[in-house]
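S.K.: One-letter residues, chain by chain:
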Amino acid sequence: MIQTVAELLFQGATLGVLYGMIGAGLALTFGILKVVNLAHGVFITIGAFIAIWLTSLMPTVPLALIIVATTVLCALLGAALQYAVIERAMTFRDPSVPMMVTFGVSVIFTNALAQFAGADLRSLGVGSIAQKSLSVGPFNFGLFPLLTLIFVAVVFIAVDATIRKTRFGREVRALSDRPDIAALMGVRVRLVHAQVAALAAALAGVAGVLLAMRASVSPFSGGENLMIAFEVVVLGRLGSTKGALLAGIFLGIVQIVSLRFDSNAGLLYVHLSFILILVFWAASGKLK
Amino acid sequence: MTFKYANLLLIIGFGSLSVVSSLLLSSGMLFLLTEVLVIALLAQMWNLLAGYGGMVSLGQQAFVGLGGYGLYVFANHSGLPVWLWIVVVPLMVGVAALPLGMLMFKLKSAYFSVGMWVAAEILAAIVMRTDALGQSGGLVLRPGGESLAGNPERILFAGAGLLLIGTIVGLRVLLNSDLGLALLAMRDGEEAAEAAGVNVRRTNLLIFCIAAAGCAAGGALYYFSTLYIAPTDAFQINWLISMMFVSVIGGVGTLTGPLLGTAVLIAVRETCTSLGLTGGTYWIIMGTIAIATLLILPRGLWPALRSKLHVPKTEKEATIG
Amino acid sequence: MTTCLEVRNVSMRYDQLLALSDLSLTLNEGQTLALVGANGAGKSTLMRLLCGLLTAEKGEIDVCQKPLALGRPRASASAGLALVPEGRLLFESLSIEENLQIGRSQRGGVWDLAAIYTLFPILKEKRKLPPSALSGGQQQMVAIGRALASNPRILLCDEISLGLSPLVTQEVYGVLKHIREQGTSLIIVDQDVSRVTAFADQVACMFKGRVTLAGSARTVTLKQIKDSYFGLTT
Amino acid sequence: AVAAAGVFAPSIARGAAKTIKIGYMGSLSGSRANFGQTEAWNIEKIKKHVAQGIMVNGQRYNVEILVRDSQSEAKTSAAIGAELMLRERCNLILAQDVESAVVNGEIADTRGFPMISTMSPLESWFFPRGGAPGKPFPYTFHFFSTADGVLQSYVSMLNQLATNKVAGSMFLDNPAGRAIMDKNRGWPHTLAQNGYAEIAAGPFQFSTNDFSNQVAMFRDGKAEILSGFLYANHFVPLWNQILQSGMKPKAVAMVATFLFPSSVAALKDHGSGMLTEVWWTPDFPFKSSLTGQSSAELAQEWEAGSGQQWTQPLGYGHALWEVGLAALAKAKDPMDAGSLRDAIASLSVDTVVGKVDFTNGPFPSTAQTQVVGGQWNASKGKYPYQLDIVENSTSPTIKTTATVRPISYE
Amino acid sequence: MLKTVGISKSFSGVPAADDVSLSLQAGERVGVIGPNGAGKSTLLGLLLGTVLPDRGQILLDGDDVTRLSPHQRVSGGIARAAQIPMTFHRLSVSDNVRVPAVHGAGLRGREAVEWVDEVLEMCGLAASAKVAAGQLGLLSRKRLELAKAIATRPKVLLLDEVAAGLTEPEIETIIHMVETLSEGRAIMWVEHIPFALRSVCERLIVMDKGRKILDGPFAHVWDDPVLQEIYMGVPDDNLS
Ligand SMILES: Nc1ncnc2c1ncn2[C@@H]1O[C@H](COP(=O)(O)OP(=O)(O)OP(=O)(O)O)[C@@H](O)[C@H]1O
Ligand SMILES: Nc1ncnc2c1ncn2[C@@H]1O[C@H](COP(=O)(O)OP(=O)(O)OP(=O)(O)O)[C@@H](O)[C@H]1O
Ligand SMILES: [Mg+2]
Ligand SMILES: [Mg+2]
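Protein chains in written order, with the working numbering: chain A, 1 to 288; chain B, 1 to 321; chain C, 1 to 234; chain D, 1 to 410; chain E, 1 to 240.
Hints listed in this document are in silico derivations from the structure and should not be mistaken for laboratory results. Note that the structure is predicted; figures quoted are calculated from it, not measured. Incorrect hints may appear among the rest.
For lysine-lysine, the following DSBU-like pairs were computed, each having C-alpha atoms within a straight-line distance of at most 30 Å [unchecked claim]:
1. K332(D) to K132(A)
2. K128(C) to K155(E)
3. K155(E) to K126(C)
4. K209(E) to K130(E)
5. K223(C) to K165(A)
6. K21(D) to K268(D)
7. K34(A) to K313(B)
8. K287(D) to K268(D)
9. K47(D) to K250(D)
10. K18(D) to K132(A)
11. K132(A) to K250(D)
12. K48(D) to K268(D)
13. K209(E) to K313(B)
14. K132(A) to K165(D)
15. K380(D) to K332(D)
16. K380(D) to K48(D)
Please construct the entire structure, taking both the sequences and the accompanying hints into account.
M.R.: Quick look at the structure:
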């Protein structure tokens, strides 16, 4: 019994930090740029596919380097997209404009990816480390999920500190409140926007790589991941990275526990619990 | 008064056009054009909700699926004629949307958008798991247990045409009424509208239910023509993408825009088909057109075209701005 | 006395509406200008233009005899202009201290955090709190402090006492006096004309986008100002 | 205006000559693209074959082939189906993709368009189509092995291994998975009949990204056999979690998972020992009724032409045309739907995948083909893995090439 | 006409309205003052229904309206001009006023059109009737906000800093307007400009920290030392 519960919690937590990671980038764009970035899901997929592509191109290069390269490529893509497209969409007063634009972007990227890489589910082989396990007493933990957990925690702490403690973080937050006044304070608006977009895309890319290592991704899994990201961000109270992590872990545990009772649930109970919490919050006036 | 006259002209003109063409065109062409009309109808509904109502829903595909499934279930298991159900099912979906709307309107803006998407996903998952609905295998349309004989696409096409015209005229009347004014006001500020005496909740719900019923009608019409329905198809996000792109390209918050957008969509699709391009390429092209429109002419083609051609504004608009 | 701000023949429009038409204005180093005018005269527009939040259709602006690039908030900020905007507009997700710090990113000078805290001791007490936890007047102090932190040559205050209780307004004016004594030039817009003209060295009166009356605060009478409100003087 | 011309002028120009139009639907792209990987090549070959037309009842007919890609999507399938039938009025529809066949089946039946489909177990076509025993469909036909046949060959492979006879099972929730999961006809039934205990983890959604519960169930139940139905793309994460849990299954008997060499290659060095059902290999002792080529010759021609390893759909893709052309040849009037339908219903033809006989299928309107069992083994040849036939209990004409062995973990 | 019984509201623990009881009679003009953050706007929000009280009761003509939504109260005869104008920025000025005329006052057809014109004229917005509200400056928007409130034909009119930011001559116009409007209505006016209140209101309420601390005839309350201390500061020669 204890063993089952411990394993459920461990699996839930390791899946959950992955969910948190999936939501982290969106928390930035949503919370700071005030852009409902519907292309976030496809960025995750792109990250995964870049890593898969790089490893197949250079099978001997160590994984860490592949992750770094993927992150950089995603960041560049994110910044470029922000500069070229989203920035302009943000000048319209109507917030649905950037939302619809990013929706268009996600449709384009999804289909382009399917054209180039095929529509199959793919995963990133990381060799035998993915299959190692660790025994602590009667418990059996996968080594790889444990490493993911630690890695994600480190990334989260770093991002959180950057946003809360540094000058960059201060500018980012100021910008999200009042872009025009921030500009007057010497903040380089477009640059900071692009930096945030790059950071968000980089986080999405990392999430994609982790996802491809643990599970599998297809060009069409963007929608699913976007939904998870949204749920994480909303439950984590907008823009808060710590909240995103906790919400991710919550959803991860819901997912694992619900699958235990109903293996065919897919994401059904995750979605249901999200909607229920949201409605509960709304009813008790927690959403404005 | 000229306004009423214009509406009448619309009904008579396009109504007879759709009836006449339903008699003249081949059944394959009618199949295609029915889908075109359905997309135009769906786009009008999304546009009503998002463009005029300011409620950007990402879950309208749920109602398309419900319309289709509703038709199949009721027609297959009752002795009543299938044509009756094609009228009744959308109304039922419209009513069924009421509780969902009451739930969803607790969420605002982006929360609403995504909440709708999640709700659609939940619905699709439930249908996919329901034995009576054929699970992932889907259903075949056999009204009263018998295979459907004859060529229904003529009636379907004429019906879709008349429904679309009816919808447009209906929307014109609605938007020029006091309710339309309330709708436009709410888009700029719900609290302000409320403080001005508008019953925001009721208006929102009404629009939501109308849009749900309209999408269900589209779904019922479309899946009537295919005779087979599957959950991964009926609830797919591509329905939503079509509605959204068509509205955005033609002009969100106008009534003519979605029609123009549908024309663009169909032109692109047929060009892609005739050039032998894949579906992916088609979506890439549509996405690019939609983004370009949003960035260059954020109000869409129709408002831009209208001022170029000096066509006077005869409809209430709620364009992006 | 040197001029520190010169606005020459500036015009600016919103769509069709001409908000500033051929407007000219000068301000001397260390002086305070009271900018008055009816509702919609274009005062805020001028302020926002000076700060680069809007761009002009024609005309030039010199700050300390150097031309200012228009429509570029960062250029205005580095030229030494700072704005206390209409309605405060503080950064809600930053603490009070961070609100003040962000202003500092431009240039150093006498107005560091310590100096601002000496000026507004109450802010030091509340420095960890978000602006929403402050009263309206305290928020106005933060807005002033934030602008000061960039060590401006010219401080622009739009609707400085809008929505403040008389007690708080008095305090704010006390602070402005202090700032002026440090040698900073000021442009103040305030609905309370008698108070602001009594405080200022110069007065400029705007009507429909142009300056209809300008002069020393000591020579211009309230009667003249009232007339210019309705466009009776040119 | 260009596009409008495309919309409103569907092939009026080619009416007069006696031309048989064959409409082809297949998953050439999209999520089932690897089933369609060899199709373009097959179709080119057939096009050459019928370039001079075909002879039916002493009369020469031109053959026009219209190829449409279903993109592995139901909605596209509906669109291309309507196009081929209602717009182009094809005389015969061939569907390589079962989804296209199911989506368009009802229209074909009600409007009278003969359609032949393949490449999916009979049950996964018959039941979603709303089929009932003793009631043939008017115009639609399907040939393939049965799910039951597939399962029999799996169980007979397992019988050759020394295991504790405990099989964990899990199934992707789609029509094919549901057919195999069926309590009365499917895998649970087969296992029980053969004395295996089943640890049933049930169906799972395509979007599932974690299998720890299934793995925990299998581990706690001490399953030595991993079985069920899923496509290769779910297998890698599943396999990772299996090994993380400390399990070492002796056999993997997953329907559909290892049909393709690419799926085995995705396991890097760990692919050896995976079991699969075998519909067709170059070792099948059959010949094409069109070209006279043997199975081996067909595979060789493909490998030489494409530089890629043969796959099982190569044979069925070819056989689909064999069946279609044989039906046309047999029809009194190939342009008449009714007589073509009658020709198919009474058709029995020897193809490269074996005999296809519509007169005594297990379900109405179907023909059952043979299936055997295979195991992937490391190869010293050009490609990393080779498929060996290790079980032929239901089809003794097809010779085995190796014996089954458990997965080894050294 | 309008009566509150011990209403309270706090935001995350901080009381913005604390046990406030008051009543308004027809024809009464009541001024409300108090330091920033005293809870004046919150009080008006409670009366209109945009803010729901944690405790207490609100009665309109003797009926309990505590739980009614704002639009229901508007139909019942309460209207507010908000401190931060809430105009419909994409609608024209006249449509802005039409919304409350139709949905608030329940007017139809010609009657509505005439009423809208009348209100626009009254608020000095007739010239910009066709302009989109988003194009107006802050202060014109405030005026439009007032027009919208008047257009509902309220029995109780709540004004929140409608004169703030206006110059003296403009304030005079507002004062005149309020005087005309007050016939048969109750008016509650929150403002930081004492002289404006003084020339209109016969009664004055002082709030601080969410509590109603003084309530009585204007002159009486005005001279209260408490008011001088918390609100006015040192006597200001410009005003008195
Ligand atoms: N964003 C805008 N778009 C269009 N017109 C505008 C905009 N902002 C201001 N205006 C118009 O420009 C004119 C000048 O406005 P401005 O805000 O500068 O006046 P002001 O003197 O500051 O008046 P106030 O006393 O109202 O603050 C006004 O007529 C106003 O309606
Ligand atoms: N929506 C809200 N959420 C949290 N706190 C609020 C909210 N609205 C008001 N408050 C707080 O309630 C208190 C009273 O605010 P209110 O706006 O009623 O003051 P006021 O008397 O109108 O002040 P002012 O004269 O500055 O307009 C303030 O401390 C304010 O910060
Ligand atoms: Mg101003
Ligand atoms: Mg207030």
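S.K.: Now, for every hint given, state plainly whether the structure supports it.
M.R.: Checked hints:
{"no.": "1", "hint": "K332(D) to K132(A)", "result": "violated, 66 Å"}
{"no.": "2", "hint": "K128(C) to K155(E)", "result": "violated, 45 Å"}
{"no.": "3", "hint": "K155(E) to K126(C)", "result": "violated, 43 Å"}
{"no.": "4", "hint": "K209(E) to K130(E)", "result": "violated, 42 Å"}
{"no.": "5", "hint": "K223(C) to K165(A)", "result": "violated, 54 Å"}
{"no.": "6", "hint": "K21(D) to K268(D)", "result": "violated, 45 Å"}
{"no.": "7", "hint": "K34(A) to K313(B)", "result": "violated, 33 Å"}
{"no.": "8", "hint": "K287(D) to K268(D)", "result": "violated, 34 Å"}
{"no.": "9", "hint": "K47(D) to K250(D)", "result": "violated, 46 Å"}
{"no.": "10", "hint": "K18(D) to K132(A)", "result": "violated, 66 Å"}
{"no.": "11", "hint": "K132(A) to K250(D)", "result": "holds, 18 Å"}
{"no.": "12", "hint": "K48(D) to K268(D)", "result": "violated, 39 Å"}
{"no.": "13", "hint": "K209(E) to K313(B)", "result": "violated, 53 Å"}
{"no.": "14", "hint": "K132(A) to K165(D)", "result": "holds, 26 Å"}
{"no.": "15", "hint": "K380(D) to K332(D)", "result": "violated, 52 Å"}
{"no.": "16", "hint": "K380(D) to K48(D)", "result": "violated, 35 Å"}
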